[in-house]
Each structure stands twice: as C-alpha cells, then as structure tokens.
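Engineer: In order, the protein sequences belong to chains Y and F.
This note's numbering runs 153 ahead of the 1-based position in the first sequence.
This note's numbering runs 10 ahead of the 1-based position in the second sequence.
Don't take every hint at face value.
To be verified - Straight line, CA to CA, 25 Å or less: simulated SDA-like cross-link-like pairs of lysine to any residue:
hint	chain 1	residue 1	chain 2	residue 2
1	Y	K344	F	N171
2	Y	K437	F	F279
3	Y	K391	F	G287
4	Y	K394	F	F27
5	Y	K255	F	N297
6	Y	K205	F	A284
7	Y	K394	F	A21
8	F	K73	F	D144
9	Y	K394	F	K73
10	F	K31	Y	N441
11	Y	K437	F	K73
12	Y	K437	F	W79
13	Y	K394	F	R301
14	F	K31	Y	K437
15	F	K31	Y	K255
16	Y	K437	F	I275
17	F	K31	Y	R325
18	Y	K394	F	L29
19	Y	K437	F	G287
20	Y	K391	F	A284
21	Y	K391	F	R274
22	Y	K437	F	N297
Simulated from the structure, these hints should not be mistaken for laboratory data.
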Amino acid sequence: MVFTDRSDLYAAVHEDGLNRVMRHIMLQRPSLFNYATPFFAQNPDLLCVPIKAAPEVFAAGNPLFTVQSPLPVLGAAQPVGLNYCVQFTDVQLDFHDSDTIKLPPELGELPPQRFALRLKGCFGLGCLPDDYYTDLIPLEELFAVAQAGKERFSFTHVAERQPRDPIVPPARRLTCFCLELFAVLHFEWGKIGTDDYLKVRLDGLEIVDLQPVEMENIIECYAEAVLRLGVLPRLSIKIEKMVLDITALLRQQGIAVGQQISLQPAPVPAAVPNNPAVEDDQLKVFVNLVVTP
Amino acid sequence: MAHLTVAVSEATFIRSFDLLKRNFVFQDSDLQDHGVFTLGYDVKMHLEGGTVDLRADNTVQIKELDIRWDRLKVIIGLDIPEICVGGGCINMPWPIPDICLPRICIFSGDPDVSISPDFASFVAQEISFTGSLDARYFDASLPLPSPDPCVPLRVVPLTTNNQWQIFLDPQTMDIDLFDFPDIVGNLIENALTSAITALIPGGWVRDLILAIIGGIADLIRAILDIPDDIDEWLSDVFNVSFGLLDFIGTLVLDFFASCNPIYRIDDPFEILPAASGLIPVRIPIRNLSVRADDLEMVVRADVGA
C-alpha cells in the first residue's frame with residue numbers, strides 16, 4: 154500500500170489515537186473543560202463531577218477550572234451572585250466509517266467524510282437555602298428603599314447594577330444535571346492570513362431527551378454558538394505542524410534556506426478525491442511540497 | 011493499525027536533497043600561534059551532483075555526491091628571531107654632535123614569513139554511501155557509557171529529554187579523497203575555456219564551442235570514473251566497502267552516524283505549549299518505527315495511554 158502516490162507527503166491519525174490525545178489534554182489542561190466560580194477552588198468536592206488531573210498540574214499549581222463570575226441574581230438592588238459550574242466530560246470522537254458513537258435519530262447516520270463528537274455537559278447551581286434568604290431579604294429591602302425616589306429607580310425600569318462586588322453566599326451543595334451532546338463535524342482546509350490551516354466545521358448538533366422542545370432548542374442554540382465561535386476556531390492546525398516543518402528541520406541542522414518552502418494541500422479532485430479525508434476511522438491529509446525561488 | 015502515520019515520497023526526498031545541496035555551505039577558519047610556527051586554515055565548501063535513492067530493503071543510497079572546495083587554504087607562518095644591527099652612538103666633543111648609527115632590525119613581525127597556498131582547484135572529493143533507517147529510543151535517565159565515545163562527535167548537544175531518534179546507519183561507503191576524474195575534467199575544461207575565450211571574445215560561435223568543450227570534459231570525467239563506478243557497484247552488490255580507505259571510512263561514518271540522529275522526536279511530545287503559567291500538554295509516543303521502500307519512507311507511532 155502506497156501512501157504518497159497522489160501527493161508528496163501524507164499524514165493520518167486514527168480515531169483511537171486522537172481520543173487518547175483528547176484524554177491527555179483533559180488531564181493536563183482541565184481548565185479547558187471545567188468552568189466554575191472561585192468558590193470551588195476551596196470546595197472542589199462540591200463540583201458535579203470530580204476533576205481528574207495529572208500530577209504535574211497539581212505540582213505546578215495550575216487551576217483545575219477556568220474561573221467564572223457568579224451568576225447574577227437579576228434585579229437585586231445589592232448585587233447577589235450564585236455559585237455555579239459547567240463541566241465537560243467523556244469527550245469522544247468517531248471518524249467515519251465505524252459506529253463507535255451511536256448518533257441520535259435526529260442526526261441520522263454518520264455521512265461519509267464526516268466525524269461524530271460525543272460529550273457530556275454537566276451544569277450545577279448552588280441554590281440558596283432558606284436561612285440565607287432570612288439574612289439577605291432585609292438587606293435587599295434596605296437597598297431597595299434607599300434607592301426609592303432616586304432618579305435611576307422606578308417600578309417600570311430596574312436600574313443597572315452598581316459596580317459593587319456582589320454578595321456570593323457559599324453553596325452547601327450543588328444541584329446538578331448532565332446532558333449528552335452529539336455533533337457531526339467535518340474537516341476542511343482554509344486560510345488564516347496567508348497560511349493554510351486545517352479547520353473543523355460543525356454540520357449538526359443534538360442534545361437528547363430534553364423537554365420542553367423550546368428549551369432544548371435554546372440550549373442547542375447556545376451550544377452551537379459556543380462550538381462554532383469559541384471552541385472550533387481554536388482547533389485550527391497549521392499545515393506545517395500537521396505533517397513536517399521542513400524549514401524548521403533544516404534550520405535545526407544549521408542550514409539557512411534561501412528559497413521559500415511551503416506545504417500546500419493536494420488539489421481536489423485533480424489529485425485526490427477528498428482532502429482532508431475522513432475514512433477508515435482515520436483523518437488523512439495529502440500535502441504537496443512547494444519550493445519557490 | 012498505528013495511531014499516527016506519516017509518509018514522505020521518494021520524489022520529495024530527492025527535492026529535499028537538492029534543496030540541501032543548493033543551500034549547504036560549510037566554512038571555517040582558524041589560526042593558532044605555536045611559538046616559532048603559526049598554523050591555520052581557511053576553508054569553504056559546498057555540495058554538488060549526487061543522487062539520493064530510497065530502496066526496497068529499507069536503505070537510503072546517496073551516490074557520487076561531490077564536495078567542492080571554494081577555498082582550501084593552509085596557512086603556515088614562521089616566526090624567525092629578530093636580528094638587529096646598528097643603533098649605537100659615538101660621543102663627539104662639543105660642539106660636534108654625536109654620531110648615531112641607525113638601528114636596523116629584521117624579522118620583527120610575527121610571523122615573518124607566511125604562505126597560504128589554496129588547494130581548492132586541485133582537490134575534490136566524491137562520496138557514495140548506503141545507510142539503513144533505524145529508530146531507537148534514547149532514555150535520558152540511563153547513564154551514558156564512561157568514557158562516552160560520542161562526546162567529540164555529537165553535532166547537536168546531548169538532550170535531557172527522552173527521545174525517539176531516527177538514524178541513518180551506514181552499510182557501505184565509497185570515498186574518493188582525490189576525485190581525479192573531476193580534477194582532470196575541471197583542469198581541461200578551464201584550460202580550454204580560457205584559450206577559447208582569449209581567441210573568440212564573444213558571440214554564438216564561442217558559446218557553441220564552449221558547450222562542446224563542456225560535453226567533452228564531462229565525457230572525460232565519465233571515462234575516468236569507470237573504475238570507481240565498478241568499485242561502488244561491487245560494494246553495493248556485496249554490501250561491503252571495498253578498499254582499505256572505504257572500509258575505514260565506513261567505520262568512521264558508522265561511529266559518527268550512531269552518535270548523530272537525522273531526526274529527533276521528544277517523548278513525551280509537546281502538542282500545546284506552556285501558556286500563562288499553565289504547563290505544556292505532552293503526549294507519550296510509543297512504538298515509533300521507520301521503514302523505507304523504493305517509493306516512500308513511512309514513520310508510524312502510537313499515542314501512549
């Protein structure tokens with residue numbers, strides 16, 4: 154079997170390898186997958202899912218989660234925030250054409266040249282116990298009355314919160330729920346600036362068994378925005394980093410190259426039917442070496 | 011199935027080899043004072059010709075790679091002890107001024123005599139060798155042999171990381187310390203070119219004759235190179251370097267190559283750099299292997315658990 158009969162360079166990664174890479178990232182950069190208010194730094198046992206991290210993370214004092222501001226209580230005259238956490242676990246990828254991930258009926262069968270993503274997202278909120286209300290209500294009443302009659306207060310318009318630090322009552326326990334998210338995605342080549350990058354694009358997304366349907370749609374809408382705008386743009390990989398950075402290789406050997414060496418995707422369909430190709434449970438890329446004087 | 015597969019075609023190897031040849035320049039100079047003698051060198055070389063071939067038996071063959079010297083100067087200086095004559099004065103009675111003889115010194119410099127012949131025109135080497143690709147694991151925690159024979163041979167300093175290292179392990183080698191076909195060919199070509207240029211200053215007739223001279227010089231080079239080609243062919247067939255020099259060359263290159271991998275991959279391998287105080291994300295690399303056939307070179311590896 155010849156790999157380079159249609160291009161100068163060829164690189165492939167099997168889904169098992171990529172899933173292992175994903176597990177290493179989750180263990181070594183847990184803050185990419187866990188988001189919580191500062192309260193949980195001292196109370197990690199209250200999180201919805203215990204965070205597993207590599208010993209090096211603890212040794213370096215790295216954060217286990219990305220710190221988020223408390224969830225604001227709308228309308229409170231004295232700002233009050235609630236502790237919460239969002240955690241992503243069980244991330245798994247499945248390249249066409251195996252069926253490691255069973256997609257929900259809404260997404261159908263995994264089409265050719267596509268890959269499936271499954272992950273679990275857990276949300277936890279630190280609800281206020283009754284005794285906190287006993288303490289907080291008089292305080293809020295005081296602030297509300299103090300603001301009464303001021304220009305910025307009216308019964309038809311709630312003034313913007315003052316830039317005061319919110320009161321964040323400590324949570325005694327979290328109320329958690331977890332959702333399973335499925336997505337169908339594909340890879341494509343594209344430019345960022347003048348360089349070629351391998352990019353990930355979203356084709357479809359589904360959160361299963363959530364009622365009412367409108368709530369499911371809203372959560373899917375937000376998850377799609379997070380994936381498309383927040384996560385996937387960060388996963389773009391420069392072509393040289395994928396295959397072989399020949400310029401860097403020569404530089405390491407102390408050889409300065411006068412010519413411009415670049416890697417370009419092999420053309421579709423002139424050279425290869427699909428590039429990148431997602432098939433045989435692998436992501437395959439076909440690349441040509443271009444040397445210009 | 012391996013988790014990661016990277017393949018490089020033979021055509022890419024050939025283009026990379028040409029790129030390397032076009033851009034590789036080695037130059038160095040040194041001058042050391044050893045009292046009476048001053049010794050030094052000033053050299054500059056580049057690579058020309060040669061072919062690279064991936065072969066079905068997991069070997070890479072480089073044939074007839076020429077080392078061309080742009081400068082091959084040997085500097086020899088001699089510091090002769092200073093000899094001075096004169097300089098004394100004869101005191102004369104007043105009012106006649108004193109008569110002073112001029113002081114003349116010779117061999118005051120250092121060095122006093124220096125020669126720096128340039129052998130670049132008279133020397134050319136040609137190298138052919140065959141090497142097999144081999145992937146080995148370097149465990150940085152294991153003690154190095156004492157004494158470490160690689161110390162004077164390492165081009166890149168020893169790493170403190172564990173690494174997968176790919177070596178080109180020489181099997182046969184052919185070195186022509188004096189590449190007579192090229193030296194003779196070059197001398198004939200240069201002499202005839204000078205003569206023709208003097209006779210015919212310019213024009214297409216001169217260009218045509220120069221082209222013919224170049225062809226004749228190439229033919230002379232090819233004819234003179236036949237015995238060496240036979241030697242290289244025999245080396246290739248029997249997988250043994252013929253000739254004492256080639257045998258020694260293979261041993262030296264073998265030793266040098268075993269200390270200098272052609273490619274290194276850190277284990278664990280960094281996939282996300284350290285950022286904002288966060289540790290880098292590294293993945294363990296397992297079961298790295300490299301294999302060449304006559305079409306491509308393939309590197310395979312697994313991601314560790």
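Engineer: All hints, please: hold or fail.
Structural biologist: Taking the hints in turn, this is what the structure says about them:
no.: 1; hint: Y:K344 x F:N171; verdict: 35 Å, violated
no.: 2; hint: Y:K437 x F:F279; verdict: 20 Å, holds
no.: 3; hint: Y:K391 x F:G287; verdict: 24 Å, holds
no.: 4; hint: Y:K394 x F:F27; verdict: 21 Å, holds
no.: 5; hint: Y:K255 x F:N297; verdict: 31 Å, violated
no.: 6; hint: Y:K205 x F:A284; verdict: 19 Å, holds
no.: 7; hint: Y:K394 x F:A21; verdict: 21 Å, holds
no.: 8; hint: F:K73 x F:D144; verdict: 20 Å, holds
no.: 9; hint: Y:K394 x F:K73; verdict: 32 Å, violated
no.: 10; hint: F:K31 x Y:N441; verdict: 20 Å, holds
no.: 11; hint: Y:K437 x F:K73; verdict: 34 Å, violated
no.: 12; hint: Y:K437 x F:W79; verdict: 45 Å, violated
no.: 13; hint: Y:K394 x F:R301; verdict: 22 Å, holds
no.: 14; hint: F:K31 x Y:K437; verdict: 31 Å, violated
no.: 15; hint: F:K31 x Y:K255; verdict: 53 Å, violated
no.: 16; hint: Y:K437 x F:I275; verdict: 21 Å, holds
no.: 17; hint: F:K31 x Y:R325; verdict: 70 Å, violated
no.: 18; hint: Y:K394 x F:L29; verdict: 20 Å, holds
no.: 19; hint: Y:K437 x F:G287; verdict: 34 Å, violated
no.: 20; hint: Y:K391 x F:A284; verdict: 18 Å, holds
no.: 21; hint: Y:K391 x F:R274; verdict: 20 Å, holds
no.: 22; hint: Y:K437 x F:N297; verdict: 20 Å, holds
When held up to the earlier numbered hints, the structure conflicts with 1, 5, 9, 11, 12, 14, 15, 17 and 19 and fits the remainder.
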